[in-house]
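2 protein chains.
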Amino acid sequence: MFSVNVEIPACEYVRGGQLNDVTEVGSARAAIVEAAAKCFMHAGYSDTSIDDVADDLGATKGRIYHYYRSKAELFFEVHRHGMAINLDAIEPLATGAGDPVERLNAMCKVHLRNMLDHIVYQRVVLQGVEMHLSSSTTPKQREKLKVLMKEREYYESLFRDVLLEGREQGVFAFDNPSFGSKAVLAILNNPVLWYKPRKTQSEKEKTQIIEEFSALAMQSVAAKR
Amino acid sequence: MFSVNVEIPACEYVRGGQLNDVTEVGSARAAIVEAAAKCFMHAGYSDTSIDDVADDLGATKGRIYHYYRSKAELFFEVHRHGMAINLDAIEPLATGAGDPVERLNAMCKVHLRNMLDHIVYQRVVLQGVEMHLSSSTTPKQREKLKVLMKEREYYESLFRDVLLEGREQGVFAFDNPSFGSKAVLAILNNPVLWYKPRKTQSEKEKTQIIEEFSALAMQSVAAKR
DNA sequence: CGGAAAACATACTACTGAGTATGACGTTAT
DNA sequence: ATAACGTCATACTCAGTAGTATGTTTTCCG
Chain B
1 MFSVNVEIPA CEYVRGGQLN DVTEVGSARA AIVEAAAKCF MHAGYSDTSI DDVADDLGAT
61 KGRIYHYYRS KAELFFEVHR HGMAINLDAI EPLATGAGDP VERLNAMCKV HLRNMLDHIV
121 YQRVVLQGVE MHLSSSTTPK QREKLKVLMK EREYYESLFR DVLLEGREQG VFAFDNPSFG
181 SKAVLAILNN PVLWYKPRKT QSEKEKTQII EEFSALAMQS VAAKR
Chain Z
1 MFSVNVEIPA CEYVRGGQLN DVTEVGSARA AIVEAAAKCF MHAGYSDTSI DDVADDLGAT
61 KGRIYHYYRS KAELFFEVHR HGMAINLDAI EPLATGAGDP VERLNAMCKV HLRNMLDHIV
121 YQRVVLQGVE MHLSSSTTPK QREKLKVLMK EREYYESLFR DVLLEGREQG VFAFDNPSFG
181 SKAVLAILNN PVLWYKPRKT QSEKEKTQII EEFSALAMQS VAAKR
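Which chain is which? The protein sequence lines are B and Z, in order.
Quick note on the working numbering: the first sequence kicks off at 1 and runs consecutively.
Quick note on the working numbering: the second sequence kicks off at 1 and runs consecutively.
A hint or two may mislead.
It does not matter which identical chain is used: a pair holds within one copy or between any two.
As the list claims (entries may be wrong) - Quick list of in silico lysine to aspartate or glutamate cross-link-like pairs, EDC-like style, CA-CA up to 20 Å:
hint	residue 1	residue 2
1	K71	D56
2	K109	D175
3	K204	D175
4	K196	D161
5	K71	E211
6	K38	E143
7	K206	D175
8	K140	D161
9	K38	E91
10	K71	D52
11	K61	D175
12	K71	D47
FYI, nobody ran anything at the bench for these hints, they're computed from the structure.
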């Protein structure tokens, strides 16, 4: 899998195939990442100051810079966590058994579930796509962003592979496989742009969105019969 | 249609139903808007300084602030121009004659064509959706952003209406109409996120993208037969 | 218990970037 | 010609912010 190594000032930090230990509840790093995700979601990366994150934590800058050496690194951490949630859930489904239609259907629903349940992280992940670290960032940080984009690309390839398998069996139809997976993910990611969790009826809303958007996504690559 | 009134320091400024006179070639305002769109696309709103736009123009701040009283207003102008391009092209198709399948097909292709031909403006329009003017902006500016979002909503309704008409005739199938139009537009907007115009084979690439993504979009709401 | 290291908070620095005040230059109307 | 106005450039102000340097408290271990 992807093994990303970052020099971490404090604590040990290892990224295996599964969820990051950084995310364990009670960890100081986890609290920081959580607060950062919240702020990044509400105001975007550029318009979020480290002080904003510190405020959300009820702390000060010092706390954050003790664990993360820059704002960009903190963003990367949030992004990585968001992608880890998705990869850990989708990877087994993609490589598992079963016919392609069933597999893709499961992937769509789980992906949507993740979008709605972890929306703060998912919006940060989407921001990563539009991330412009062109200016005012070190070349080293740009390298890390490339690694994150590779991870994203791999995630998309999981969908692409299932699509290709289904096309060979005649259950899916599309021309360019890359376009097919992009279209499916475009639909699946869409709710992240507008979904706001309600206090009441929240779960009912979620299941409706999951059902309907997964149906739309499946339909977009379905073979006509 | 939407009549937006902004106090403009110099020159007269009227927004009718059609393309803004601001965009006429030779106009000083048009050059500013063009440069701003380019910068906003490459670096995003927050990471684009007025000086950046001025540099692109080969001018200085003074020029820009002579025509636009704030950075936000300049963004609004770019956004408005982008939406005007889309509305002027799609509105006649949506309300025109013909069966829903043909109409939606035409709308999809024209929309995609606009995405690829005016990508600088379209990316700014997409940024508008994720715009967070929550902090450090006047309530008056937030009002204007709402107007822009209304315009976006109206654009989406053009697709929704055609979809509804098609569902009544049994040629389209979906559950929630709003979700249907969102899915279609999600696919149609997707190329904006990754398309980079090539020097060679540019037109061939475009037509391929247009054909395949419109097919995917149509398919996502197609009735199974 | 005591000393070291981790885990912060406080108080800075240095810089960017939005917006303004003002002046210079050209054009047009009278 | 000159007054007025439109069109900019120059030179500022000032608030916000990333990052650092250093002090202070708590925890942990021998």
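Structure-based check of all given hints:
no.	hint	in the structure
1	K71 - D56	within (15 Å within a copy, 28 Å between copies)
2	K109 - D175	between (24 Å within a copy, 16 Å between copies)
3	K204 - D175	between (36 Å within a copy, 15 Å between copies)
4	K196 - D161	neither (32 Å within a copy, 25 Å between copies)
5	K71 - E211	neither (37 Å within a copy, 42 Å between copies)
6	K38 - E143	neither (25 Å within a copy, 24 Å between copies)
7	K206 - D175	between (32 Å within a copy, 15 Å between copies)
8	K140 - D161	neither (32 Å within a copy, 49 Å between copies)
9	K38 - E91	neither (26 Å within a copy, 38 Å between copies)
10	K71 - D52	within (12 Å within a copy, 23 Å between copies)
11	K61 - D175	neither (51 Å within a copy, 48 Å between copies)
12	K71 - D47	both (12 Å within a copy, 15 Å between copies)
Violated hints, listed in ascending order, are 4, 5, 6, 8, 9, 11; each of the other numbered hints is respected by the structure.
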